[in-house]
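J.: Sequence:
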Amino acid sequence: MSLDKDTYYQLIAQHVLTNNHDPTVKQAYLNDPLSFVKTVKGDFTKLKTKYNAINRWLGLSGAGVHQQTDLFGP
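Numbering-wise (the working numbering), the sequence shown opens with residue 426 and increments by one.
Mixed in with the good hints, there may be bad ones.
[Unchecked claim] Lysine-lysine pairs mimicking DSS-like chemistry, simulated, CA-CA at most 27 Å apart:
no.	residue 1	residue 2
1	LYS451	LYS463
2	LYS451	LYS471
3	LYS475	LYS430
4	LYS430	LYS463
5	LYS466	LYS430
6	LYS451	LYS466
7	LYS471	LYS430
8	LYS451	LYS430
9	LYS451	LYS473
10	LYS463	LYS475
11	LYS473	LYS463
12	LYS430	LYS473
Think of the hints as simulated: they come from the structure by calculation, not from any bench. Model, not experiment: these values are computed from the prediction.
Generate the whole structure from the sequences, applying the supplied hints.
T.: Right, here's the structure in full:
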């Protein structure tokens, strides 16, 4: 059983937004659930990018990079 990624993003949006405390957001989702798939997908992409950057930094820390070193800029 295989679902495409957009289906997973749609399920995540459903679980998050149907339980949202803001009635405006909740109603917007209920009116057009598919419009939130792209937003959820973008958020996951940002998190994945940040995770990979931090993971690379941690990998470098074993090679002489100290915890105080800021590899992400000022």
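J.: Could you run down the list of hints and mark each one as holding or not?
T.: Structure-based check of each hint:
no. : hint               : result
1   : LYS451 with LYS463 : holds, 17 Å
2   : LYS451 with LYS471 : holds, 23 Å
3   : LYS475 with LYS430 : holds, 20 Å
4   : LYS430 with LYS463 : holds, 11 Å
5   : LYS466 with LYS430 : holds, 9 Å
6   : LYS451 with LYS466 : holds, 18 Å
7   : LYS471 with LYS430 : holds, 16 Å
8   : LYS451 with LYS430 : holds, 23 Å
9   : LYS451 with LYS473 : holds, 26 Å
10  : LYS463 with LYS475 : holds, 18 Å
11  : LYS473 with LYS463 : holds, 15 Å
12  : LYS430 with LYS473 : holds, 14 Å
Of the numbered hints given earlier, the model fails none.
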